[in-house]
Amino acid sequence: MVKIDNIELPDFPLLLAPMEDVSDPPFRTLCKEQGADVVYTEFVSSEGLIRNAAKSVMKLDIYEKERPVGIQIFGANLDSMLQTIDIVSASKPDIIDINFGCPVKKVVSKGAGAGILKDVCLMEKLTAEMVKRTNIPITVKTRLGWDHDSIKIVEVAERLQDVGCKAIAIHGRTRAQMYKGDADWKPIAKVKNNPRMHIPVFGNGDVVNPEKAMEMRDSYGLDGAMIGRATIGNPWFFKQVKHYFETGEHLAPISLAERVEAARRHLQMAIDWKGEILGVFETRRHYTNYFKGIPHFKEYRMKMVTSDHSADVFAAFDEVLATFSDYQFTE
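1 is the number of the first residue of the sequence shown in the UniProt record's numbering; add one for each residue after it.
The hints are simulated quantities; they were obtained by calculation from the structure and are not laboratory data. Heads up, the beta-carbon is just placed ideally off N, CA and C, and yes, glycines get one too. Be a bit skeptical, because a hint or two may be false.
List of simulated lysine-lysine pairs, DSSO-like, C-alpha gap at most 30 angstroms [as the list claims (entries may be wrong)]:
1) K152 x K132
2) K65 x K110
3) K242 x K65
4) K192 x K212
5) K180 x K152
6) K292 x K180
7) K239 x K186
8) K106 x K118
9) K65 x K55
10) K190 x K212
11) K212 x K3
12) K239 x K274
13) K118 x K55
14) K152 x K192
15) K239 x K152
16) K242 x K186
17) K180 x K190
18) K65 x K212
19) K192 x K242
20) K212 x K292
21) K132 x K106
22) K55 x K105
23) K110 x K132
24) K242 x K92
25) K55 x K152
Simulated DEER-style distance windows between Cβ atoms [claimed, not checked]:
26) A257 x D162: 48 to 54 angstroms
27) Y327 x Y63: 45 to 51 angstroms
28) S219 x R51: 41 to 47 angstroms
29) S219 x D272: 39 to 45 angstroms
30) Q268 x N135: 35 to 41 angstroms
31) N135 x G275: 43 to 49 angstroms
Given the sequences, and given the hints that come with them, work out the whole structure.
Below is the structure:
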């Protein structure tokens, strides 16, 4: 059993990574139903929250069926981050996660996300003060370092733990790498194997199939896997990994009917939550993966990703189900 503070999780839990414009309530719901042990919100700007920006505030919407659920925040100004803790706490998440890993320029240029990896002392101070501000467990998601020459993740993780961080998820790339090259899990294993570490250490980056998840567990000895891009349009990824752990075999491919039903529910939940326009627009990124592998699919995909009205998208789902009813997915 793995514990984040008093939150009990199964052995080697699978966590849905916070992803901008992806890990919203509809998608989190689907992932939770398919075996995600912890889900995280999209990352929320501290500056946006304290200014009551509508898009930032909306990201605080969480629901009982998602629990345990973490709200992830980012920022580099202590006063703003402390005010954010007060605002976020009112939503009663199970976890508050600090984003010290986002490599995107607009975040990094403000000293937030992975930008704070240049100032480990500030990273430690922010974490310490936020821990003092709330009784909700504070966790951290970060990267190995700013670049290859500044990797000090063993020391960084220890310092964050010592000021009260309850778990740490580490992406196996530096900020300089962005998402290029392969994730290196060896430094994450060094964090886990540090005899002074007693909080959970989760690995992140390149868990793209069940075999990779098993490698992270068995070869690197980490406490769990935080999974991001592999889940887009594939909320079944969590179920696939767990089935592989239990049986050593791959789960049978998800049928077309299941995929259409998930896409339908995803779109409808998005509309219920965001409204017609945003719901239709922000669900588009998932469709290519929901129906990945179907030959001669371009015509139907274009209908899904260019239609501005949900009725047209739902009709496209019906067409897909009728046209490709005999298609058998291989993975």
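Consistency of the hints with the structure:
no. : hint                            : result
1   : K152 x K132                     : holds, 25 angstroms
2   : K65 x K110                      : violated, 35 angstroms
3   : K242 x K65                      : holds, 20 angstroms
4   : K192 x K212                     : holds, 18 angstroms
5   : K180 x K152                     : holds, 20 angstroms
6   : K292 x K180                     : holds, 23 angstroms
7   : K239 x K186                     : holds, 26 angstroms
8   : K106 x K118                     : holds, 16 angstroms
9   : K65 x K55                       : holds, 22 angstroms
10  : K190 x K212                     : holds, 18 angstroms
11  : K212 x K3                       : holds, 23 angstroms
12  : K239 x K274                     : holds, 27 angstroms
13  : K118 x K55                      : holds, 29 angstroms
14  : K152 x K192                     : holds, 14 angstroms
15  : K239 x K152                     : violated, 34 angstroms
16  : K242 x K186                     : holds, 23 angstroms
17  : K180 x K190                     : holds, 22 angstroms
18  : K65 x K212                      : holds, 28 angstroms
19  : K192 x K242                     : holds, 22 angstroms
20  : K212 x K292                     : holds, 20 angstroms
21  : K132 x K106                     : holds, 29 angstroms
22  : K55 x K105                      : holds, 20 angstroms
23  : K110 x K132                     : holds, 24 angstroms
24  : K242 x K92                      : holds, 29 angstroms
25  : K55 x K152                      : violated, 35 angstroms
26  : A257 x D162: 48 to 54 angstroms : holds, 51 angstroms
27  : Y327 x Y63: 45 to 51 angstroms  : violated, 34 angstroms
28  : S219 x R51: 41 to 47 angstroms  : holds, 46 angstroms
29  : S219 x D272: 39 to 45 angstroms : holds, 42 angstroms
30  : Q268 x N135: 35 to 41 angstroms : holds, 36 angstroms
31  : N135 x G275: 43 to 49 angstroms : violated, 35 angstroms
The earlier numbered hints that this structure contradicts are 2, 15, 25, 27, 31.
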